[in-house]
Amino acid sequence: MKTENPIRGRSHVYGDDIDTDRIIPGKYTKTLELSQLAEHVLEDLDPEFRARVEVGDILVAGHNFGCGSSREQAPLALKAAGVGAVVAKSFARIFYRNAINIGLPAVEVPEHDIGTGAILNVRLTDGVVIDERSGKRFRATKMPEVMVDILQAGGLANYLKERGGYGPFSTEQNRTP
Amino acid sequence: MGQTIAEKIISRHAGATVQAGDIAVVDVDGTMATDATAPFAIRAFREMGGTGLWDPERVSLVLDHATPAPNERVGNLHRLMREFASETGCTLYDVGEGICHQLMVEKGHVRPGDIFLGADSHTPTYGALGAFAVGVGSTDMAAVMLTGKTWLKVPQTVRIELTGELQPGVEPKDIILFLVGKLGIAGATYEAIEFAGEAVDTLSLAGRMTLANMVAEMGAKAALVDTRTLPSSYPFTPTAADEDAAYRAVHTFEISGLRPQISLPHAPDKVVAIDSALGTEVQSAFIGSCTNGRLEDLHAAAAVLQDRHVAPGVRLTIAPASRQVFNAAVRDGTVAILSAAGASFITSGCGPCVGTHQGVPGDGEVVISSSNRNFRGRMGNPRASIYLASPTVVAAAALTGKIVDPAEVLAEQGSP
Ligand code: SF4
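So the protein sequences, as listed, match chains A and B.
Using my numbering, read the first sequence as starting at 1476 and increasing by one per residue.
Using my numbering, read the second sequence as starting at 39 and increasing by one per residue.
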């Protein structure tokens, strides 16, 4: 499934340092059933979330979202619960990669004051998140090209399948200034 | 301009000279997944159209997170891994062989200067060997199984110089807890950490693994412990940073005055010197994990508990990091000492560390653990509290039922 762009949805806002155990407790991760992951998403952080979330909603957080374990079940649980994108001031490294790899847009917005219940418009290619009611625009950090490509393919599995590998790759072209 | 260790290793594997901030596609020397991550990796591998592995000799699957299987669901995931291994010819470490990170080092799956991708967040542990070892998720690992390559962003490096000498009763775990407290849970996000200095030079491989292990608790991508003084059973060429390498930051810490450290609930970076946690009552004590489940950790516990018994009302659970560790501890009498002291030995593996099956605390209970994470709910119950400490401090707490200065109990142990 290709990732849509832009993404539009209602916000659910949480704080800093939300770790993977709070996104999906380790005891529920031993399954390949996505619905079972979705059932327990954010259980220890906000037991009501599961009942409130609607397909396409956007999770908004502060710094270091997804710190802790390497469990891909964390972004998978969010995606399976219907979350359309995660917007955070910063992400823990593995969560960020995992989210992109499974096709869940993770958008780093270093500064924002988004409140719960806002209608957000996330424009991946423009690198901007718009709060539709207030009209405020928040700048997103530019993603490396390879990540945008992976996200646009719908995840790493599709990306590799479509290209038959990483293909020719130029370090020079991906050099940051 | 000079290069950091990470820049040198990545350059070698990218076939181009890289610097921090570059994105590179690199050849990977080895990869690994556990029963927590392999099932999704196998699924992603199939989604990629994968049938054969890029190189079966460089792929390992380890059953360690929920072992032996606590229920049929996990039993079936384990079965899936066994079938995949026999189909593809990769290495499988079955139930009881040990924790993935211990096995990768112990069985020689990773070498100094390698790039290794492990589907587990504590993969930077192999930085003890000077490998650029990174934790990834299942899909990234699947891509390595298929292609033998990965893409990565060359990280900036933080250099940590450690001078001085540890006091008796103070361990490598205390150094790393102290550093996690200083730098914070996001203190090195996306970055590599180089460890060097005279206090590192004297560390054993086990101590270096403890140090490298917990860079994950600072958000770091990799640890690179100076290998010029690494005790090793085989010859290798150490990779050293250039004199003029560019660092994001250089920190120097003198550790001679370091007190035992404690990480308070519910975040690994809430670290204090033991003095401000003295007297905290505990009901459960755990020694094990990829941080501190090795032979010298069991020896440290035995030094506290020899000819003594854990306090009434306290459970002491020990999960040796591997079967090899356990067998060595059986042979040298350590297991007998600890068992006589009231410890329960469980299967070599992650055990209670990750809260999926064993040793789950009750509501309101306090656990002291030699592992690396104390997030709320980590050990399976969000209403319990977890304190992190060295094996010596954990053993002393098990002995007395509360957090005490291990120097005191060790002094009594020494007197006739
Ligand atoms: S011992 Fe704990 S931290 Fe280490 S790999 Fe196992 S679950 Fe992870």
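The reader is advised that the hints may include incorrect statements.
Derived BS3-like pairs: lysine-lysine, alpha-carbon spacing no greater than 30 Å straight-line [unchecked claim]: (1) K145/B x K308/B; (2) K308/B x K440/B; (3) K1617/A x K440/B; (4) K1611/A x K145/B; (5) K308/B x K220/B; (6) K1617/A x K1636/A; (7) K1617/A x K1564/A; (8) K187/B x K145/B; (9) K145/B x K1564/A; (10) K1564/A x K1611/A; (11) K1636/A x K220/B; (12) K1502/A x K1564/A; (13) K1636/A x K308/B; (14) K308/B x K1502/A; (15) K440/B x K1564/A.
Think of the hints as simulated: they come from the structure by calculation, not from any bench.
Note that the structure is a prediction, hence the values are computed from the model and not measured.
Inset, instruction - Would you check the hint for K1611/A and K145/B, treating anything up to 30 Å between C-alpha atoms as holding? - result: Not OK: K1611/A and K145/B at ~56 Å, beyond 30 Å, violated.
Legend entry - 30 Å Cα cutoff - pair K308/B, K220/B: 9 Å, holds
Inset, instruction - Decide if the proposed pair is consistent with the structure: K1636/A and K220/B, CA atoms, cutoff 30 Å inclusive. - result: 44 Å, violated
Inset, instruction - Starting from K145/B, check that the Cα of K308/B is at most 30 Å away, please. - result: Roughly 34 Å between the alpha carbons, so the hint for K145/B and K308/B is violated.
Inset, instruction - Take a quick look at whether K1617/A and K1636/A sit within 30 Å of each other, Cα to Cα. - result: Given pair K1617/A, K1636/A holds - Cα atoms ~25 Å apart, limit 30 Å.
Inset, instruction - Quickly compare the C-alpha distance for K1564/A and K1611/A to 30 Å and report which way the hint goes. - result: Distance ~16 Å between K1564/A and K1611/A Cα, so the pair holds.
Legend entry - Hinted pair K1617/A and K1564/A, Cα distance within 30 Å: 13 Å, holds
Inset, instruction - Measure nothing beyond the straight line between the CA atoms of K1502/A and K1564/A; if it is 30 Å or shorter, mark the hint as holding. - result: Status holds; Cα separation ~28 Å.
Inset, instruction - Please work out if K1636/A and K308/B have their alpha carbons no farther apart than 30 Å. - result: Since the Cα atoms of K1636/A and K308/B sit roughly 44 Å apart, the hinted pair is violated (cutoff 30 Å).
Legend entry - Satisfaction of hint between K145/B and K187/B, Cα-Cα up to 30 Å: 23 Å, holds
Legend entry - K145/B paired with K1564/A [C-alpha distance capped at 30 Å]: 41 Å, violated
Inset, instruction - Decide if the proposed pair is consistent with the structure: K308/B and K440/B, CA atoms, cutoff 30 Å inclusive. - result: 19 Å, holds
The structure fails to meet hints 1, 3, 4, 9, 11, 13 and 15 from the earlier list, while all remaining hints are met.
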